[in-house]
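K.L.:
Those sequence lines, one after another, are chains U and Y. Numbers in the working numbering are just positions in the first sequence, counted from 1, shifted up by 46. Numbers in the working numbering are just positions in the second sequence, counted from 1, shifted up by 3.
Wrong hints could be hidden among the right ones.
[Stated by the list, open to error] Think about it this way: if two alpha-carbon atoms lie no more than 30 angstroms apart in a straight line, the pair counts; the simulated DSS-like pairs of lysine-lysine are:
(1) K64(U) <-> K395(Y)
(2) K133(U) <-> K431(Y)
(3) K459(Y) <-> K64(U)
(4) K64(U) <-> K134(U)
(5) K360(Y) <-> K133(U)
(6) K134(U) <-> K431(Y)
(7) K360(Y) <-> K64(U)
(8) K134(U) <-> K478(Y)
For the record, the hints were derived by calculation from the structure and aren't laboratory data. Remember, it's a predicted structure, so these values are computed and weren't measured experimentally.
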Amino acid sequence: MSTETFTNEVIDINSLPKYEEIELQHPHSDYWKIICINLSVFLSIIGIGLVTLLIFINEISAYSFLIIAVYVALAAILFFLFRVSFKKRGYAIRTHDVIYKSGIIAESTTIVPLNRIQHIELNEGILSRSFQLGSLQLFTAGGQTGHIHISGIPIEKAKNIRDLLLKKLDLTESQPIDPIV
Amino acid sequence: MNNDFSKPQRQSAAGIVIMAAHTTLSIGRAFIFFIIYAFVKIQSAYLLYVLLGLAVMVLASFLFAYLWYIKFTFFLDKEKQEFIVNKGIFNRDQVIIQLDKIQQVNINQSILQKIIGVYGLKIDTAGAHGEEISIGAIDETSAYNLKAHLLHKKVIAESQQETEIETQSTEETPFLSISSWTLFKVGLTSNYGQSLALLAAFFYTVIYEGRQLLDSFKIDRNAIESTVTGMLTIVTAFILIGVLLAVLLVINMVRTFYKYFELQISLHKDALLLSSGLIAKKNTLVSPAKVQITKYSQNYFQKKLNMLNVSLKQAHFGESKKGHEMQGNTMEIPGCSPAECDELLRMILGKLPEPGKIFIPDWRFLNLPVFFKLILPVVIFLIIALNVPEVKPFIAAAVIYLLAGMVMIYLSYKKHRISVSEDFIVKKSGIWDISHEIITPYKIQAITTFQYPWHKGVDVGHLCLHTAAGQLRFKYGNYTEIKQLVNYWLYQVEHRNENWM
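Kindly generate the complete structure, drawing on both the sequences and the hints.
P.N.:
In structure tokens, the structure reads:
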């Protein structure tokens, strides 16, 4: 590409669409139920373990109150953290890219341009299937950190998004590729 | 052997020897101390059994190698543009590589291969980690034929794109070659860290295995240890440090010469052909379009000697879900003069990166490293020192550590910056080795920005650009500016559909 054609394209950076001002969509509220169920299963397994320990080992029964207190505190903290992270998650599909925002303490936003997506995966777990939810994974060549995993999308919507993205992938791939600068 | 590789064929029969030697060596290496131990310790009556065991091992290696040779076939599917390898002694593995996914083809020759007169050929793909293909033994003409066939398709596809840039210099003469004198200087000035690690690993094995040997010889370890500690006066300590430094330099030198001896870069059609190596000559073909990150670095000594190290990082992705990040495969070209470096950059990027707008980090960049690397360790050390009398005399060391650490962190803060222009993003970083990493916006795969809630008020945030060869991070920048940059790069990536590889 020569410089002449580029100067024609010079654009005002401030007039570009702003990714940070996009209205994000949040995971379906049923997804919170799934998180709760998963957490409850996890906590009850630990709980059962603790109870058996308390019953069978006499030495630690003196500390049973402390152990239970720690357990309850842990449960509360976990639920709180997951609630916060659930509230913070959001995604948006734009014409040319996908945006995903997440993070409990630090808010991180990852943007994947559609023409950089390598492949797409749609996962449905047993639990999420009963709630009609699915999760979408978008892979890029950017490795582990450069991919997006959006959970808790209503399955119909997830399929629509997948088809939409796939269609766009095909389109971008069939387009003639510009010569490299 | 036919020349177009369209029919399944085996490697050269010498492959059996290569493979057997390889297996024997790797088994031998795993048991080396065990074998020495056996020879030393075992009574001569049992020596026969040991020798017999070794013979069985070698025989088994040969059998294994023979079966491997029989089952290992490869061919080129012209229609589908695929290279197919069948292998596996007990299980049947088929590796299929699409030709356009091939990153590079390496032709190597180890000492053994040199003696037998065959070459090794390695195919590096853009696919997952384990799918690399390595053909152990192939004669020279076949090797170069196969290489040409494998890269043929790509050369056509890419030559159309880059003819304007490259045609003026298609002669095959090397445009860059590194002399032994330059290598000598490189060996003196770089890669201390790696050599140090090598040295440490070496000493660790020597000490560890030495102890085991001593145990087996029933030598009184205490006697040796006490003589060693007795020798450690201050004078000898200084001599020891001096010797260690000298050894370090020598190792550095040997490594540099071994890897980069007679390094030459020439233009081969549209790709760069790198060849180097002292004992095993290594040829690597790199297509400029596949280079994801171009990096050049320089430390203080090298600046005085007027030379730079250039490294080219290629994509080596593969969507690994298991969590281990793929290390990009990197090509190092040490000891370029500034002019040669510019030439190389021009070759790979099309033109030299022009100075762009510079973004520097906020002073809060200093907070975390100062706290975790300086204040926290020093406080812990002081607490220990005040309570343990043996450590007390070394309190002065904490001051030195604090000062040195302060200077280093400040330097890393001062050097951390990105410069953005229309066509390039250049990230500068480093403390001693100052490196510049250059990418073009269309190599970006994904962008992540993030911000801690306590930085919201002061408008500070972080940026991470994911490319197929690793990440580029810019920390503690002005978040408003970062967001603006991200929008700009997204525009650049999305409004044209440029190929990133």
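K.L.:
So, for every hint listed, does it hold in this structure?
P.N.:
Evaluation of the provided hints:
1. K64(U) <-> K395(Y): With Cα atoms ~58 angstroms apart, K64(U) and K395(Y) exceed 30 angstroms; violated.
2. K133(U) <-> K431(Y): Violated, at roughly 37 angstroms.
3. K459(Y) <-> K64(U): holds, 18 angstroms
4. K64(U) <-> K134(U): holds, 19 angstroms
5. K360(Y) <-> K133(U): Violated: K360(Y) and K133(U) sit about 37 angstroms apart, past 30 angstroms.
6. K134(U) <-> K431(Y): With Cα atoms ~33 angstroms apart, K134(U) and K431(Y) exceed 30 angstroms; violated.
7. K360(Y) <-> K64(U): holds, 20 angstroms
8. K134(U) <-> K478(Y): Holds. K134(U) to K478(Y) sits at ~22 angstroms (cutoff 30 angstroms).
Of the numbered hints given earlier, the model fails hints 1, 2, 5, 6; all others are met.
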